[in-house]
Amino acid sequence: MKLRTKLTLFNTLSKLVIATIFVLLLPTLIKNINQHYNDSRLLKQKVKLLQIIKTQGIKDYAEASYYTPLKEDYVSIDLDTTAENLDTIKNEKRILQGDTIEYRILSHTFKADNKKYLLEIATSLDAINGTTRPFQNIAFALLVGMILLTIIADQLYSNFVLTPLGQIIKTKLIGHKFPNFGSYEKVQTSTSDFEYLDISIHKMIKTIENTFQKEREFISNASHELMTPISILQSKIENMFEQEDIADELKTRLLEMQRILNRLKSITKTLLLISQIENEQFLKEDSVPLRELLQEIYDEISIRLQGKNIHYSVDVPENLVLIHVNKFLMFNMVFNLINNAIKYNRENGEIKVAAMRESDCWTVKIIDTGIGIAAEDLPFIFNRFKKLRASLKQDSFGLGLPIVQSIAAFHEIRVEVQSEKDHGSVFKLILPDSLIKI
Amino acid sequence: MNVLVIEDEKGLADELEIFLNNYNYICEVCFNGASASEKIAVNLYDFILIDLGLPDYDGLDLLREAKKNNPEAICIILTARAEVYDRIKGLDLGADDYLPKPFSLLELQSRMQAITRRKFGLKQNLVDLGGFVINLTDRVISYGTSEISTITRKEFDLIAYMLLHKNRTLTRSQLSEHIWGSIVNDDYDSNYIDAHIKNIRKKLNAFAPPDWLETVRGLGYKIKVNT
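Chains as they are written, first to last, in the numbering used here: chain H, 1 to 438; chain U, 1001 to 1227.
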């Protein structure tokens, strides 16, 4: 999820939670305020009344009650015959002229003229709560308005403040194909964190670029420096081989030299190829039907199948075409896989190449009935120059699978290996849809 | 045929000269771009072999000059810089072929012959070998009136390569390099050439014994042609 989306979501959610809590609390809150206000009013009235009774005497007021026509409040003073003294404020029901009404009642007992009186001052709960609802409504409307305003403000500001980050991601990270970066363009921002991020990314890119450049130069130079002496040696051996005055015994030794030189040449060529692939020095502009590619490989390799009398079969849809690939590389990748399947197969064994649609992806499987790979060796089979014990007797130097892996990675193909010791291996190539036309 | 070899590595230039002289080419060698540039301006050549990595000259500039002054010459680029970019650029400028180092001298000669054939459109290139007729243009081999269709492309490649270097022993390494040279794999010592030769012999034997295809004990194979 994007940072901006996350921030917006969090802002909105947190405000909603706060608002909900507030709305839930609002009635109780307002009720409490009202009650508190009302109680203090009742107390004031009590003090006032007692003051009046003290100055004017109880006579005029005893045994009387006063109420407004709508019965919203009343005051009564009665003789109290009970023993206890009251001084409370609580909610109670009273029947006034046949109506049962709930009141907030202040009850107070006092003595006047040696008699005990009970004073009640009351306000009906309806009158008190009458103001609660409009209060609540106003508060609610205000709240919603303010929340909307802050959400919009937050959104606008986070948009504004995060724009440079978006730009950094868009221009510096997405769409840049490693290791080919464009030129540096400063992202405009007043946020120092982003400035720092931008500069840091730029520095890292520069470092990577320099390293790659150096590696490219090294490979180019090393290849030149290695290939030229190999070339000279090879020519010298070839010319010597042709000289008539050279004895056959010497020729055999020249042949030996030629073979060793060939080995050196193969290793150098393979390492170069891998580095060139990793430096993306190949184009991916070819289209080739998979069947055709396999046929070409078969032409090259049938002699090796014959040698071990291996049964070879292909199960590939005729109209399956590989697109946006480098044909030379694809050829070498599949060649190496099939070549391995032959090398590590048994006499009269079997090799099957099958392409199929498997859970949303096209896969090409190379299935053999060979010696298999031990589970503990599986993680290392793609390492350069790693020779497994099983392959030691083979004339190879452990670069076949590294070639496969770098070509696959170059084309964004995933390679999966399943293998059972002594039963065979399955190399599965998982091809992205962008490489397939059908 | 006149060949100009432009190669700054003296060791390699010498071997190229010895080899080409053996094949009856008249060879001149330059070790740097400046002297090559002079020679190109003055003399006419049939072949110009250019090493791209010269110390004093950009090989591609030299190629441009060669194409200007010697438009008829066949230019072959020899280089250790095997980048695709150079390859495309070189061929765009009119190079006829491109041979990455290290290459076999036999391969160079076979390329030179192939281009000559292409360029001058030599008519039917037929060779008679003890009753077998090898048509190098159409790439078929026949005996009498019947075409031997069982011979595969690879097998024909081998026959044609040995025929081009007739009477010369070709080692298994040389033959392998010719037919599998462009494949990068991690086998360095495969003896599949023997299997191929065995197959070729078997297929031809159905018509007549191919005595001209000789095994040179311990060394390799050759096609023997009496001249």
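Do not rely on the hints blindly, as some may be mistaken.
Computed cross-link-like contacts, DSSO-like style, restricted to lysine-lysine with a CA-CA straight-line distance of at most 30 Å [to be verified]: (1) H:Lys236 - U:Lys1202; (2) H:Lys352 - U:Lys1203; (3) H:Lys236 - U:Lys1222; (4) H:Lys352 - U:Lys1198; (5) H:Lys251 - U:Lys1154; (6) H:Lys327 - U:Lys1154; (7) H:Lys236 - U:Lys1203; (8) H:Lys308 - U:Lys1222; (9) H:Lys251 - U:Lys1222; (10) U:Lys1224 - H:Lys251; (11) H:Lys352 - U:Lys1222; (12) U:Lys1166 - H:Lys251; (13) H:Lys308 - U:Lys1203; (14) U:Lys1166 - H:Lys284; (15) H:Lys214 - U:Lys1010; (16) U:Lys1010 - H:Lys251.
Okay, the calculated bits of chain U under chain H, using three or more residues with CB under 8 Å as the criterion [as the list claims (entries may be wrong)]: (17) 1060-1073; (18) 1131-1140; (19) 1162-1168; (20) 1198-1211.
Rather than coming from a laboratory, the hints here were simulated on the basis of the structure.
Built from N, CA and C at the ideal position, the CB exists for glycine as well.
* Any hints this thing doesn't respect? Which numbers, in order? -> 1, 7, 11, 14, 17, 18, 19, 20
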